[in-house]
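A.B. asks: Using the sequences and the accompanying hints, generate a full structural model.
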Amino acid sequence: MAGQTSDFPAMHFPALLAAGGLIDQATFLSGVKGFLTIYYLGLAITNAVAAFLLWHHWHRPKAALVWTIVATVFGGILAPMAGSGDPYWTPRMPEAIVSFLNSWLSGQVGAIVYTIGSVVFLSVLYLGRDFFVRPMVAWTGLNLALLAMGLSMVNQNFWQVVSKGDNIPIVGLMFLLGFFTWLATYRAVINDKRIAEGLPPLEKLDDEKVLVWPDLVYTELVCMLALTAFLLVWGILIQAPLEQPASSVKTPNPSKAPWYFLGLQEMLVYFDPWMAGVVAPSLIIVGLMAIPYLDFNKKGMGYYTINERKFAYLNFQFGFLVLWVTLIVMGTVLRGPNWNFFGPFEPWDSHKVEALKNVDLSEYFWIGLLNRGLPKAPTGSGFFVELGYILLRESPGFILMGIYLFVVPPALAIGTTLFRNMYLKMGFLRYMLMTNLLLMMAILPIKMALRWSFNLKYIIHIDEWFLNF
Amino acid sequence: MAEKKKLSTAEILAMARGKAAEASAAKPAGESPSPESAAPASELPAASAEPDSAAAVEKKPAPKPAAKGGARPSVAEMMAMARAQGGAKSAAPAEKPPTEKKPVEKPAAKPAAVKPAAEKSAPAKSGGPKDTASILAAARGAKPGPMTKAEAAAAATSPPAKPKAVAPPMPTKPDYAKPSPKPVAKAVSADESRRGFLHVMLGSFLGIGMTSLASVSALWTLGFARFMFPNILTEPPSRFKAGPKEGFSPGTVEEKFKAQYGVWVVNGDYNGQQQIYALKTVCTHLGCTPNWLEAEQKFKCPCHGSGFYKDGINFEGPAPRPLERYAIRIADDGQVEIDRSRTFQEELGQWADPASFIPATA
Ligand code: FES
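Protein chains in written order, with the numbering used here: chain A, 1 to 469; chain B, 1 to 362.
Possibly wrong hints are sitting among the right ones.
No more than 30 Å apart at the CA atoms, straight line, and that leaves these computed lysine-lysine pairs for DSS-like [what the hints assert, rightly or not]:
1. B:Lys-256 <-> A:Lys-352
2. A:Lys-250 <-> A:Lys-164
3. B:Lys-280 <-> B:Lys-310
4. B:Lys-241 <-> B:Lys-298
5. B:Lys-256 <-> A:Lys-250
6. B:Lys-241 <-> B:Lys-310
7. A:Lys-164 <-> A:Lys-62
8. A:Lys-256 <-> B:Lys-310
9. B:Lys-298 <-> A:Lys-250
10. B:Lys-241 <-> A:Lys-376
11. A:Lys-352 <-> A:Lys-209
12. A:Lys-164 <-> A:Lys-299
13. B:Lys-280 <-> A:Lys-357
14. A:Lys-256 <-> B:Lys-245
15. A:Lys-209 <-> B:Lys-241
16. B:Lys-241 <-> A:Lys-256
For the record, the hints were derived by calculation from the structure and aren't laboratory data.
C.D. replies: Structure below.
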C-alpha cells in the first residue's frame, strides 16, 4: 500500500510508518502535495464564497474585497506552491516557531505550558468575547487556524499525528467545537446586550411554533441523507486504522484510548485506576444529573446568555473545554510513546527518557519533613493495630482532604459574597453538595499541578486495600 | 389539516383496494366482497365525503348494472355505494368462483341479509383477504366484536362453505351463515383452554408477530448465553519449565516467555540479594503489558506511562504497586520451573517467601 492505489494522503501514512518514522522530505512532499493543493484550493473557494456573500447579500464591499484578496492568496499563491512538491517552495511553519513549540511543549514542562496556556487562551477568548465573537474576527481566526494547520502538515511528525485514521475525527471535532462554541457565544453576546437594554432576547422574537411533522422530520431526513453520504465518502477515502493482530507481547506504544476517552486516560495518569476509571466518571455523571437540583438561577431558560448565568457558564466551560476537550487534544497530539509528552513537531522517540520518581504525600511528610521512617506496624500485629498504623501513616493526606472538602466550603461561604449568597439561597445540604462536586472537579487540575511540580504520586496511598487518591 | 390527512388515507386505502380488485378483475376478486361486508356497519359517511363520496353519488346506480353486466365497478365505487346505501344492501356482488357465480350472484344480491354470506365468501377463498377485511373493518370502527367471532366461525367452517355455496344457491347460504356463528362460538368456549391459547398466539397478525418476536428473542438469548462460554482452552498449563538455571545470566531480563506465558524471568538484585524471579507481565495500574526497555533498564507501560525498575518496583507513573511475581523453583530434574497459579505481591511482604525466587550468585 505504498501510496500507489490512491492519491489521498492518508494512504501514505502506513508507508511512513513502515519507513520507521521519517522519510526523505522530498518523497514525503510528493506524497502529500496533492492533498495540500486541494486543501489550499478549498480554503480559497471558501473565502471566495464568503466574499461573494458579503458583497451580494450583506452589502459590505470592503470586507468582500479583503476576503477576495485572501482567497486569491490561498488559491493563486499557496496552492501552486504546495502543489510544486518542492521542499523549498512548499509553504511551511517558520523554523523558529517549530523549535519554539517543540521545546516548550515537550516533556514535563510541556504539560504545564500546554495546560496553563490553554486555560489562558480560553480565558482571553472569554474576557474579550465581545470582540472575538464578531463574525469578521471569528472568520479571521478560523482562517489563521486553518493556515497554521496547512503549514504544519508539511512537517512529517505533525502529519503522522494528524493524518492517522484515529485522529482525523479529532481534528474535525476541534473545528466543529470551535464553530458551535462561537455560535453560542455570539448569540449570548447579542442577547446580553439586548437584555442590558431592556429588550427581550433573540429567541423570544420569533417564538413561532414549528411542527415536528413535517418541518423537523424533513430537516432530519435531509441531515440523515447528507451524513450518510458523507460517511460513505469518508469510508471510501480513508482506510480504517487497523493494526496488527492482537498479541499479548506487543502492546501498541503508545496505547491510546478511543478519542472520546482520552480525557479519562489522561486522568488515569494522575489517579488510581479505581478513582479515575470508576469513581470520577460516576461523579461526573451524578454531578451532571444533580445540576437541576442545585441550580436555583431561574434565568437563561430557552435562550443563550452568559451574563445572566455566569457561574454556571464558567463552571461548565471549565469542566468541558478545559478538563475534557483540551485533555483530548493533549492525549491525541502531545502524548507519544510510553505516554511521554512530545511537542507537536517532535519526533516520537520511544527511548526518550523522562526520569521521574513519584513520591507520596506520606513520604514527603514522614521522611522529608519529620525525617523519620514511615510508620509501620510491627510484623505479625493484628488487623486493628495495622489499621491504626496505616491511618497514622496516611493521616496527613486524610487531614488535607478533610480540610479541602469540609473546611473550604464554609470558608468560601464566609469569605466571598458569591458563595455566601449561594449558601443563603441553597441551604446547608445543597450548598455542601454543590461545593463538594465543584471541589472534586477542581482536584483534577490540582493533582496534575502537584504531580508536575512536586512529583506527588498520591495524597492518600493505601495499597493494602487498593485505596489511593 | 389533520382531518384532511385522515381522509386522504381512507382514500388511498380505497384506491388501493380498487386497484387490487381491478387487477384481479379477470378472475373473481375474492377481496372485493369483503370490504363491502365491512361496510354495512354504520360507516362514517362523512369520512368518504371528499372525491370518493362524490364519485359514489354519481355512481350510485352504477354498481348494480355493472354487477349484472359483468363489467365490474371498482371496489372503491362499490364501497362508496355500500356506504351510501347503508348496511342492508351491502352484499351486492358476492363474487364467487367464475363459472357458477353469475347465476348465483344476481339472486344473492337481492336478499339483503347476505351480510354473513358475503363474509363467508371472503374467508372461503383464503385467510388473507378475510383478515384484511376484518382489520380494515376494525380500523373503520365497524362492528369489532361480532366480526371476530364470525371470522372464527368462518375459519372453522370455511372448507365446506365453498362447495355448498356452489350447489344449492340461495337458501343454503343464509342457512349456513346464520347458525354458524353461534355453534362455533359455543365450540370455542367449550375447549377454550386449548384453542384459546392457540388463538391468542396465532389468531391474528399481532399475535403472530408477537409470537415470532418472542421466539426470536428467546433464540437470541440462548445464543448469547452460549456466547458467554466460548469454546477455548483458557490457559496454557500453569506450570512450565524454563530451562536450566544457568540460562539466566546475572543482570538480564529474559523476554522469551513473555508471548506464551506472560512472564519475564529476571536474574537481578532485590534488596541487595541476587535472585532469579519471574515477574508477571501485567501492569499493576490497569493491566496493559509493559515493555522492557533495555537501554533505560526499566519496564515501561505504554498505556499511562508507569515505570518499574528491573526488580519490579514501581517508581513513575500511576501504577500503585510493584509488578507481581510468580512462584519459581528448581524442579527435580534441575530445571527452573515457574508456577503461574501462585503470585507474590511485594507490598504484602510476600517477596520474602522463598517460593518467590531462586537465590543466585552475581
Ligand atoms: S496500565 Fe500500565 S500505566 Fe496504566
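A.B. asks: Work down the list of hints and note, for each, if the structure agrees.
C.D. replies: Against the structure, the hints:
1. B:Lys-256 <-> A:Lys-352: holds (25 Å)
2. A:Lys-250 <-> A:Lys-164: This hinted pair holds, its Cα atoms lying about 20 Å apart.
3. B:Lys-280 <-> B:Lys-310: Between Lys-280 of chain B and Lys-310 of chain B the Cα gap is close to 12 Å, so the pair holds against 30 Å.
4. B:Lys-241 <-> B:Lys-298: Holds. Lys-241 of chain B to Lys-298 of chain B sits at ~25 Å (cutoff 30 Å).
5. B:Lys-256 <-> A:Lys-250: holds (13 Å)
6. B:Lys-241 <-> B:Lys-310: holds (22 Å)
7. A:Lys-164 <-> A:Lys-62: Not satisfied, since the Cα-Cα distance of roughly 40 Å exceeds 30 Å.
8. A:Lys-256 <-> B:Lys-310: Within the cut-off at roughly 25 Å; holds.
9. B:Lys-298 <-> A:Lys-250: holds (16 Å)
10. B:Lys-241 <-> A:Lys-376: It is violated: about 38 Å lies between the C-alpha atoms, which goes past 30 Å.
11. A:Lys-352 <-> A:Lys-209: Distance of about 60 Å is beyond 30 Å: violated.
12. A:Lys-164 <-> A:Lys-299: Violated, at about 44 Å.
13. B:Lys-280 <-> A:Lys-357: holds (22 Å)
14. A:Lys-256 <-> B:Lys-245: violated (38 Å)
15. A:Lys-209 <-> B:Lys-241: With a Cα-Cα distance of about 77 Å, the restraint between Lys-209 of chain A and Lys-241 of chain B is violated, given a limit of 30 Å.
16. B:Lys-241 <-> A:Lys-256: violated (35 Å)
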